[in-house]
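Engineer: Quick note, the sequences are listed as chains F and P, same order. Residue 88 in this note's numbering sits at position 88 of the first sequence; the count goes up by one each step and never skips. Residue 104 in this note's numbering sits at position 104 of the second sequence; the count goes up by one each step and never skips.
Everything labelled a hint here was simulated from the structure, so no lab data went into it. Each hint should be verified, as a subset may be incorrect.
[Unchecked claim] Listed below are the simulated DMTMM-like cross-link pairs for lysine to aspartate or glutamate, each with C-alpha atoms no more than 20 Å apart in a straight line:
hint	chain 1	residue 1	chain 2	residue 2
1	F	K348	P	E148
2	F	K78	F	E27
3	F	K271	F	D150
4	F	K340	P	E17
5	F	K155	F	D143
6	F	K201	P	D65
7	F	K340	P	E148
8	F	K340	P	E64
9	F	K321	F	D150
10	F	K78	F	D61
11	F	K52	P	E64
12	F	K195	P	D65
13	F	K271	F	D48
14	F	K340	P	E251
15	F	K155	P	D65
16	F	K348	P	D65
17	F	K138	P	E148
[Stated by the list, open to error] Restraint ranges, calculated between C-beta atoms of paired labels, are given here:
hint	chain 1	residue 1	chain 2	residue 2	range
18	P	L210	F	G77	44 to 54 Å
19	P	L88	F	K52	53 to 63 Å
20	F	K201	P	L206	41 to 51 Å
21	F	D220	P	S196	43 to 53 Å
Since we're looking at a predicted model, the values are computed, not measured. Just so you know, even glycine gets a beta-carbon here, dropped at the ideal spot from N, CA and C.
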Amino acid sequence: MTMTQKFGLGCALLGAIGYAAAADAAEQITFVSQGGAYQQAQTVAILDPSAKKLGITINQDSIPDAWPAIKTQVGSGKPIWDVVDTPTGNCLRGGEQGLIEKLDFSKIPNGAAMPEAYRSPYSVSYEFYSSVLSYSQKTFPKDAPNSWADFWDVKKFPGRRALRNHPFATLEAALMADGVAPDKLYPLDVDRAFKKLEEIKPHITVWWTSGAQSAQLLNDGEVDMEMAWNGRVTAVAKEGAKVAFTYNQGILQSTSLCILKGAPNLATAVKFLNEAVDPVHQANLPLHIDYGPGNPKAFETGVIKPERAAQLPSEPANAAKQALMSYAWWSSPAGEAAEKRWASFMQK
Amino acid sequence: MPTTSVPDPSEKHQRREHGLMLALVSPALLVILALIVLPVGWLAWQSVYHDGFTLENYRRIFTEDIYWRSFALTFEISLAVTVIALLLGYPVAYLANSVPKGWSILILSLVVLPFWTSVLVRAYAWLALLQRTGVINQFLRYLELISEPLALVHNTFGTVVATVHILLPFMVLPLYATMQKIPNDLMQAGASLGASPTLTFMRVFLPLSLPGVLAGCTMVFVLCLGFYITPELLGGGRTVMVSMLVSRNVELYNQFGAASAVAVVLLVSVLAIFFAVSRFISLDRVLGQK
């Protein structure tokens with residue numbers, strides 16, 4: 001883009017912003033997350049306080065998997081969403097494919113202050129969660145399954161099982177069940193993982209597709225053990241279901257915030273993005289749901305009490321028991337090939 | 001043949017009427033063009049064009065096992081749903097047709113009532129009924145008819161049950177519309193000639209209701225081919241119907257062509273079915289309620 005073009009575009013943008021501001025006094029953005037207890041917690045901890053502080057309106061939408069929608073919206077040239085909270089891999093992939101805006105960190109001081117590992121040119125970490133082994137305490141009042149090897153052991157731990165209908169974390173779990181150490185997983189031995197999955201496949205009652213579905217399965221006692229996201233399990237337990245989980249061999253994952261290329265409210269979106277990773281808002285999130293803050297500075301604010309921190313997936317001692325998912329591997333050609341292979345595995 | 005130079009006034013009148021008709025229909029035609037023809041055309045175009053002309057997306061469909069399995073499963077499920085819907089729907093339509101007006105309105109409103117509930121809600125309702133700890137399994141265990149809960153859902157069975165429930169009105173309504181047009185005199189004539197009610201039904205009523213059967217079956221079958229929510233929620237992840245492949249392909253191949261190609265193959269199958277059926281009956285006679 002030449003200087004003149006940039007200037008022209010800048011003028012057009014300014015004009016558009018001026019026009020938008022004149023037409024609608026309150027700035028607004030559309031923020032998208034994954035729904036359920038998780039989005040409710042964010043609303044209280046981060047979204048409402050951010051909206052109040054910035055004096056903007058945050059319209060919310062939710063979708064279990066934002067990736068196809070990001071492709072569609074940006075592909076159509078007229079995205080309706082601004083900021084998306086989505087697994088970090090989507091932000092990286094989207095950035096490489098020109099679907100996600102490159103961030104100007106000079107306008108995002110809170111993000112710039114985060115360690116390099118917590119951000120990419122396209123995204124900032126928003127929260128950490130973990131794919132854990134959860135189980136019904138009714139079925140397993142004591143001697144509960146405590147590792148993926150236990151999950152695979154249908155003789156010692158009889159009962160109905162569910163796994164996520166997606167290779168992410170599932171392949172990692174299969175490899176750990178087969179004896180691979182949590183810190184030696186990558187690059188994944190895909191053949192070995194699928195071979196191990198074939199073993200457990202006849203014993204899987206449900207391959208769940210959404211977090212809400214996994215929660216429902218546990219809550220209704222439809223399965224006795226399953227892989228689920230730690231926050232979903234806690235939410236079900238809080239409602240009175242006798243369920244629990246272990247962080248042992250959990251797969252630590254993160255979602256990040258990123259902005260759709262050509263987002264309708266880009267300037268406001270950047271402002272919001274900075275506000276959303278503010279250490280205090282971030283520290284408030286784990287007070288409402290069992291997900292760890294994306295900004296590690298949150299642990300220094302004093303908002304999270306030590307006993308609370310101990311329950312969080314990204315708390316150092318808990319993190320040490322888990323495998324840290326490599327989004328770089330999953331975005332690599334080998335990772336994408338493994339993702340394609342999943343479909344044929346499911347239908348065999 | 002002698003020709004006349006005097007224009008036939010009725011012909012002129014007819015032409016004007018045609019022109020007027022066309023003008024009146026054109027807004028609807030434009031809407032269809034803009035909302036159906038253009039997007040579908042664009043969809044088909046994407047399936048063969050991605051940085052140049054390519055048949056890669058179709059090659060994949062016709063060479064990889066999973067596509068064949070999904071299409072086969074989709075047609076099996078659609079067939080099962082259609083047969084069950086017909087067996088359930090025909091008696092209902094027959095009853096609605098043979099009782100007094102007030103009762104038939106009641107029956108038809110009961111058939112249409114579920115239309116007002118979201119498909120998603122109905123799918124979850126079936127989950128509550130069919131799952132391991134669901135109403136049906138609890139009840140059967142209470143009666144001690146079974147010792148272990150039955151696997152009623154998270155499989156093809158659960159998918160079929162919920163889909164039948166959702167599509168039943170599409171079977172009952174065309175059947176009822178057809179049955180309404182069968183003159184009652186014919187049945188009386190049959191009876192007056194000494195035929196038993198069963199015989200008049202088999203020889204007179206049933207053959208005359210066949211266009212409705214065919215129309216209902218076509219509607220249900222074709223709608224079922226594109227079902228998404230029930231297999232997704234009640235199929236347990238194993239029941240992968242074609243519509244689910246469409247969404248999965250968007251995710252996997254990072255471009256719409258792969259998904260469009262699946263949609264195009266499904267669309268062509270549906271058109272082929274409509275074409276085949278229209279050779280036997282005129283669909284608009286049944287659907288258009290003339």
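Engineer: Run every hint past the structure and note whether it holds.
Structural biologist: Consistency of the hints with the structure:
no., hint, result
1, K348/F x E148/P, "violated (27 Å)"
2, K78/F x E27/F, "holds (19 Å)"
3, K271/F x D150/F, "violated (46 Å)"
4, K340/F x E17/P, "violated (58 Å)"
5, K155/F x D143/F, "holds (14 Å)"
6, K201/F x D65/P, "holds (19 Å)"
7, K340/F x E148/P, "violated (37 Å)"
8, K340/F x E64/P, "holds (12 Å)"
9, K321/F x D150/F, "holds (16 Å)"
10, K78/F x D61/F, "holds (17 Å)"
11, K52/F x E64/P, "violated (53 Å)"
12, K195/F x D65/P, "holds (19 Å)"
13, K271/F x D48/F, "holds (14 Å)"
14, K340/F x E251/P, "holds (10 Å)"
15, K155/F x D65/P, "violated (33 Å)"
16, K348/F x D65/P, "holds (9 Å)"
17, K138/F x E148/P, "holds (17 Å)"
18, L210/P x G77/F: 44 to 54 Å, "holds (50 Å)"
19, L88/P x K52/F: 53 to 63 Å, "holds (55 Å)"
20, K201/F x L206/P: 41 to 51 Å, "holds (47 Å)"
21, D220/F x S196/P: 43 to 53 Å, "holds (52 Å)"
When each numbered hint is compared with the structure, violations occur for hints 1, 3, 4, 7, 11 and 15.
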